[in-house]
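Q: Listed below, chain by chain, are the residues.
2 protein chains.
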Amino acid sequence: MNQKNPLQAAYSHTKYQLANHGKRNIQVLKKAFQNIEGDLESDMYGKGQIIEDFQEKMAILLGKEKAVFLPSGTMAQQIALRIWCDEKGIRKVAYHPLCHLEIHEEDGLKELHKIETVLLAEKNRVIELNDIMEMEEGVSCLLLELPQREIGGQLPSFETLKQISTYCRNNGIKLHLDGARLLEVLPYYQKSAVEVCSLFDSVYISLYKGIGGISGAILAGNQDFIEQSKIWKRRYGGDLISLYPYIISADYYFEMRSHKMQQYYEEAKELAGLFNSCYDISTLPLVPVSNMFHVHFHQAKEQVEPILIEVQRQTGIGITSYLKEIDETTCYFEVSIGDLYANVPKESITKAFRKLDEKMKQRFHCK
Amino acid sequence: MNQKNPLQAAYSHTKYQLANHGKRNIQVLKKAFQNIEGDLESDMYGKGQIIEDFQEKMAILLGKEKAVFLPSGTMAQQIALRIWCDEKGIRKVAYHPLCHLEIHEEDGLKELHKIETVLLAEKNRVIELNDIMEMEEGVSCLLLELPQREIGGQLPSFETLKQISTYCRNNGIKLHLDGARLLEVLPYYQKSAVEVCSLFDSVYISLYKGIGGISGAILAGNQDFIEQSKIWKRRYGGDLISLYPYIISADYYFEMRSHKMQQYYEEAKELAGLFNSCYDISTLPLVPVSNMFHVHFHQAKEQVEPILIEVQRQTGIGITSYLKEIDETTCYFEVSIGDLYANVPKESITKAFRKLDEKMKQRFHCK
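In the order they appear, the protein sequences are chains A and B.
FYI, in numbering that gives the first Met the number 0 the residues of the first sequence are 0 to 366.
FYI, in numbering that gives the first Met the number 0 the residues of the second sequence are 0 to 366.
By construction, these hints were calculated from the structure, which means they are not laboratory data.
Accuracy of the hints is not assured; some may be wrong.
[Said to hold, decoys possible] With a Cα cut of at most 27 Å, we get these calculated DSS-like pairs of lysine-lysine: (1) B:Lys65 to A:Lys229; (2) A:Lys229 to B:Lys22; (3) A:Lys56 to A:Lys30.
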C-alpha cells in the first residue's frame, strides 16, 4: 500500500473535493465499458473500426484532414516536431522554457532525435509575436502550448495567435499546437476547435485531462503528416496490437464532457475568486482563462500545510492533496475544474473558505 | 465495417478454430476486469500498487532483480539495446536477419538511436555459437529470439545457449533475450524461466502471445538497467499516467494460462503431425518446439486458397484466415496453439484433415 503523508490523508478523507472529475480508479474504465458489447472486435495495430472511427471523429473536431491515436502526448509531440524538422532539413525547434518537452520528458526530444531547442519568452509569461520575430534563424517548427500549463494556464490573445500564425507561414516555420487542454480554452476564446486549429499545421490534444479518459492522445494534421506519424508511431513502439481500452474510454468521456468546458471555465473563475478573497493567497492567473489555475500561498510550505490539513479535516471540503515549494516564502498547487465542483454544496464551500481565510489571518497577519 | 476476403469469411464462419485463445474482442478486457473492485486506484506514471506488484512478480518469475512494464515489446527491446550500447560506448548490436527489430519496426532502432546492426546466420536457421565467434568486433549486445518466430518458432539447443552465454560474458558482449514467447519454450527445454534467463543480461517477454493479454511487455534485468529503462520509457512516451488496462489483464491471463504451456506444446506437436500427414503440406519446424509452427503448402497461394475455403466451409473447422505467399510455388500461415484447440472434438479434427488431404491430392497429385 502507498503511504499517504498527512496532507494527502486529510484530502482523501474529505467528503467533497473542489477539483477534478473524481478518483482515478478502475471504475473509470468499468463505467466506459459498461454498455460496450463484448463481441466488438479489437483494433489491430492501428486498423479496425474502433480506432479508425475515433480518429475520423477527432480529425473532424479539429478541422484537419487526418488524425492518429497515440498512447501519449509525449510520443505525439516528439513525432510532430521530428516530422517538421525532417521536412525543412534542420533539427531545430522553438518553444516556451516550461514546455512539457523541455521539463517532463527526460530530454526525449534531444536524446532520440538530436533536435536543438530554442527557448522563447521568460518563464513567467506566454510567448508573444515579438519573441518569434526576434528569434534566431533556422527554426523548423514553433510549438505553442494553449494554455501554458506550468504558469497556471495562461493564454495569448486570439489576435496574437493569428499574427503568430501569419508570421510563421510567411517565414516557412511550421506551427504546432500543444493543445493538451485545447477544448478547455475554447470558451475563453469564444472560438471553435476548428477555428483555433486552422492557425496551426499540426495539433495534439490529450484525452485524459478535461475529457478525463484513461490515457491517450490525438495528433492531427494533413494526410501526408499523419501517414508519417503512423510510421513514427511504429518506430516508437506505440503501434500497439490493441489500443481500445484507451480509445473507447476516451470516446465515452469525450461524449460526456466535451460540451461542459464552458461550465468548468465559469466554475474556475468562481473558485479562483474565492481563493483570491483569502489572506495571503492568490491565483495565477488572477482570473482563469480555462478550467485551470494555480493557487499561490505567499508563505512557507511547512507553515501552510498544517492550515490546509486542519481546514480540510474540519470542513470536509477537499482543497488539495499536495503543496509544491517555489521558494522559502511561496508554495502552490494546481486546480483543474472537472465534474466534482458542481456537486459541492455552495454553503459548504463558503464555510470552508471563511475558515481558510481565518486560519491564514490568525497565523500570518502581523506576525 | 471491415470487408473480409473469402478466406477470412470462411474462417470466421467456422464453429471451431484450431489455433489461438479465441477472438480478440472487448470481452477479453471485460472478463479480466469482472472481479476487480472499482475503487482500486490506478497506477500513476509507473507508481502504485497495481504496476509495482506486477513488476515484482515478473522479476521473480524471470529471476532478475527488477522488471518494468512497458506498453510494447518494440519499446522494450530498443531501450534494452540502447542501454547496453551506451554502457559499452559503441552503437552496434547483432541479431538474426528476421529479428523483429529488423523487419517489423520501421527501422526504429536505426532512426531513433543510430545503432548499427550486424545480421547473424542465414535467414532459414537459428544463430549458433560459430556465428557469434566469427562475427565482427565491437558488438555491444547480442539479441537472441527464443523461439525464432519468423522461421516457425525454432530453437537452438540449451547447450548452445549456455555456450553462447559463456562466450558473450568472456568477450564483454551483453546478451539480451527476445523472449516474446519465452514461457512457450520452457516445456521443450525442460527448464524454468529463471534457468533460461540466468544466461541473459536482460530479458523481454510479451504479455499478449501465449499469455493472451491485451497488450504490453515486461523488460527485466538488474536494478541499474531497469532504472535506466524507466528513464527511456519516459523519453519514449511510454510512461503513461495509467497502464492498468494492460497490467490487470496481463496478470489475469498469466494466472489463467502460464501453467498451460506444456499442454499447448503437446497439442502443437499433435496438430503439426496432422498437417504433415496431408499431401503437399509440411510444417516448420517438422516437430514443433513450442506452441507455434508454420504450415507450408508447396503450391501457389491462389490455388491453395479455394481448397482451404471449401474445407473450412464443409467441416466447420477453422484452419486459417489467411495465406502468405513465399514464392510462386509456396505459401504458408502461422499457428499458435492456445485455449481453443482442446475444445475441438477430435473426430471433427480427423474429418477435417481427411478432407484437406483429399482435396490437396485431388487438385495437385499427378496434375
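Q: Compare the structure with each hint and give your call.
A: Results of checking the hints against the structure:
A hinted pair counts as satisfied when its Cα atoms are at most 27 Å apart, and B:Lys65 with A:Lys229 does not qualify at roughly 32 Å. Simply put, A:Lys229 and B:Lys22 have alpha-carbon atoms about 25 Å apart, close enough for the 27 Å limit, and the pair holds. Simply put, A:Lys56 and A:Lys30 have alpha-carbon atoms about 21 Å apart, close enough for the 27 Å limit, and the pair holds.
Violated hint: 1 only; the structure is consistent with all others.
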